Amino acid sequence: MSEDIIAISGINPRQCMKCGKCSATCPAFEEMDIHPHQFASMVVEGRIDELLASESIWKCLSCFACVERCPRSVEPAKLIEAVRVSVLRERGGSFLSPDEIPAKLDPELPSQAIAAAFRKYRK
Amino acid sequence: MQRIGVFVCWCGSNIAATVDVDAVVEAVKNEPGVCHAQNYQYMCSEAGQGLIKNAIKEHNLTGIVVCSCSPRMHEATFRKTAEQAGLNPYMVEIANIREHCSWIHKDKKEATEKAVILARAAIAKVNLNTPLRPGESMVTKRALVIGGGIAGIQSALDIADAGYPVDIVEKSPTIGGKMAQLDKTFPTLDCAACILTPKMVEAAQHPNINIYSYSEVEAVTGFVGNFDVKIKKKARFVDEKKCTGCAVCTAKCPSRKGGNEFNCNLDNRGAIYIPFAQAVPNVACIDSTRCIHFKTGKCGICEKSCSAGAVNFDQKDEIIEQKYGAIVVATGFQISDVTKFDEFQYTKHPDVITSLELERIMNAAGPTKGTLLRMSNKEHPKDIVFIQCVGSRGNTCRDKTYCSKICCMYTAKHAMLIREKYPDVNVHVFYIDVRTPGKNFDEFYRRAVEQYNVDYIKGMVGKVWENEEGRLTVQGVDLLSNRRIMLDTDMVVLAAAIEPSEGVRNIATMLTASIDTNDFLTEAHPKLRPVESPTAGVFLSGVCQGPKDIPETVSQAGAAAVKVVGLLAKDKLVTSPCTANANELMCNGCSTCERVCPYGAIDYIDKEVNDHGKREVRRIARVNSALCHGCGACTVACPSGAMDLQGFSNRQIMAEVDAICK
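For the protein sequence lines, the chains are B and W, in the order given.
Under the numbering used here, the first sequence is numbered contiguously, ending at residue 123.
Under the numbering used here, the second sequence is numbered contiguously, ending at residue 1662.
Source of the hints: derived by calculation from the structure; they are not laboratory data.
This structure is a prediction, so every number in the text was calculated from the model and none was measured.
Warning: the hint list may mix true and false statements.
Chain W side only, calculated, beta carbon under 10 Å to chain B, not exhaustive [unchecked claim]: (1) T1339; (2) F1341; (3) C1389; (4) G1391; (5) K1458; (6) M1460; (7) Q1475; (8) L1479; (9) N1482; (10) I1485.
SDA-like cross-link-like pairs, simulated, lysine to any residue; straight-line CA separation at most 25 Å [as the list claims (entries may be wrong)]: (11) K1458/W with D33/B; (12) K1400/W with N12/B; (13) K18/B with D1342/W; (14) K18/B with R1393/W; (15) K1463/W with S62/B; (16) K1340/W with W58/B; (17) K59/B with Q1475/W; (18) K1463/W with D33/B; (19) K1463/W with S2/B.
Here a beta-carbon is modelled for each residue, glycine too, at the ideal position from N, C-alpha and C.
Model the full structure from these sequences, guided by the hints.
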């Protein structure tokens, strides 16, 4: 399971030096039960079930402040995203169907948001 | 036909556990030229060397192959052994069956096969070896030290005390370097100036030391024992001999808008200036980029106010050419750029400073006369936050990959000094790890925590911003309690990474000294030759080789000096005979070799040659064997195959390749 998270995120969590810069930066820190800096070591330790069940993966704003500032290129938001994606895949599918997309297209809307909406939010 | 002996070393179990040494001996016995082969547990031991010597005499050997560790380790040993038995030392070849074979393979059968092939290649080469005689070169008994910080000063003093003349080249107007900017030194808290300035004066007054301040090395040619160096003595527009250092001119200079580098630009200095009161030489210097006279042709107040008549606006840069036997690089370090860490607001808020800036603020000769003040409003601070590892220990484009080593200790020092002098100030230190290896170092740090109540918080700071009260808010996390930390503070001090000085790349290139990915100079061996550059005659002193504190720098400076003295004490040096040579009948004078030679050892002459009875004058490459390092770049670049390296001839290399491919 750790291998899956590592493969999905493309991150080597062993590069983490436990400096806590991610958590120190994170605007959603107070909302989280498991904090960003804990993700790296928990993935290394194989404590994936705890991560899958955590509130944090839904509280992460994907603002990427931690990605920007992590001095060790661990980029916790990518690990968190990998855990989130794992949960969604497990639950069995997307919340949007591709047929609904054309109607939702808006030149102001970044295509990334639509891709994210597939898995993240209910209609 | 050669008579070759092959000696296979077990290196204890290093080789013998992976390579079947008996099988190697059996396999090489039938190689052309081999008339003796044996193995032994430790060939480099006295008994092992005895075996080789006996075999040379008994079998009347003309060449030997030792299958053992890397030639970097024991080639010299076995050459000496051969010489003692009456054999020319260049008739020895090493087959590296340890680093290149046993250490990197697991399968014994495969490793044995490879060891045999490596031995076979060395045998093929020895078959074509010819006895070579090393040359001799003279030693210029004078040393050059590049950089006049504590490292350069100490190296120069030690060399000078041993009786050899030394020149120090320092690019700024005074020697003293970074140590002169420090207030106190850990772990004893003695004042940096009090222990440094006597050494500066000693260097200036030493009969064997000559200081070229405000000077830079322009060009270096030559080789160990015989370096030719061009030094540019930049015009300081003040006659060093006449200036008394009275500093009247520096006070009267009306151009006062530019920053004072010595105080980290926290205050300004005049265009004519003496960096600090104890400067050596204590001579003023005009910064022509800021001087009104150089901009408008007017002013000249310094000239008028100088009672010694020392100001000379017509002074020109001067080039000094000098010969040296050895060169010590002591170019030191600088603080890395913290402006790229926008989350800490260094460029936005004057109360966010680097540790070196804090040194100047704490120093009695600094911009605040030693009073701890916020730079924004000159008020007394109530809280100070220190942030460790800014730009160190990361792997992104903003960071250095290494630990800067000195920051944990100087931050503990700062914290303690502040708490001692201003007990009302709360000091918080955000750290990742506290690293204090060193004599009395951890005790020092514990004192900061236990006696001075410094608040150490494990965790990096996320960001800093100016709050509504005009103070700074620091957002971090305490990793030990897994809590968010929000602190209001008056000052933030960044422990910025240190990096090699800016000009070091240039100097390394001139010296053909190698540097690593961080621009630190590389040592010849990381453990056994830590103060020598791989380039002969070039030695390393201080932080130019890697982060270190003052005691370590002084130790290393002394070690480098001993190496220099050991070199200068010799009257003559033995030069390697393995140098390049052009075959004049094959050379077509195309200049390809000259262009690839990294040592400038090749030039061209017009020479009359006799090409199978036909006499004509041709342009032919000529190698200066004193400059040639035997790197072989020319031999592979030469399109006509005219260049050959003695001891590594094209024929020998091809014979090795044939033996491997057989």
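Hints versus structure:
1. T1339: 15 Å, violated
2. F1341: 9 Å, holds
3. C1389: 7 Å, holds
4. G1391: 8 Å, holds
5. K1458: 7 Å, holds
6. M1460: Holds: closest Cβ of chain B sits about 4 Å from M1460/W, inside 10 Å.
7. Q1475: 6 Å, holds
8. L1479: Cβ of L1479/W sits 5 Å from chain B, so the hint holds.
9. N1482: 6 Å, holds
10. I1485: 8 Å, holds
11. K1458/W with D33/B: 20 Å, holds
12. K1400/W with N12/B: Holds - the C-alpha atoms of N12/B and K1400/W are around 19 Å apart, at most 25 Å.
13. K18/B with D1342/W: With Cα atoms ~21 Å apart, K18/B and D1342/W stay inside 25 Å; holds.
14. K18/B with R1393/W: Status holds; Cα separation ~12 Å.
15. K1463/W with S62/B: Measuring from Cα to Cα gives roughly 18 Å; hence the hint holds.
16. K1340/W with W58/B: 31 Å, violated
17. K59/B with Q1475/W: Distance ~19 Å between K59/B and Q1475/W Cα, so the pair holds.
18. K1463/W with D33/B: Judged against 25 Å, a Cα distance of about 21 Å means the pair holds.
19. K1463/W with S2/B: At roughly 31 Å apart (the allowed maximum being 25 Å), S2/B and K1463/W break the hint.
Going down the numbered hints, you'll see the structure goes against 1, 16 and 19, while the others check out.
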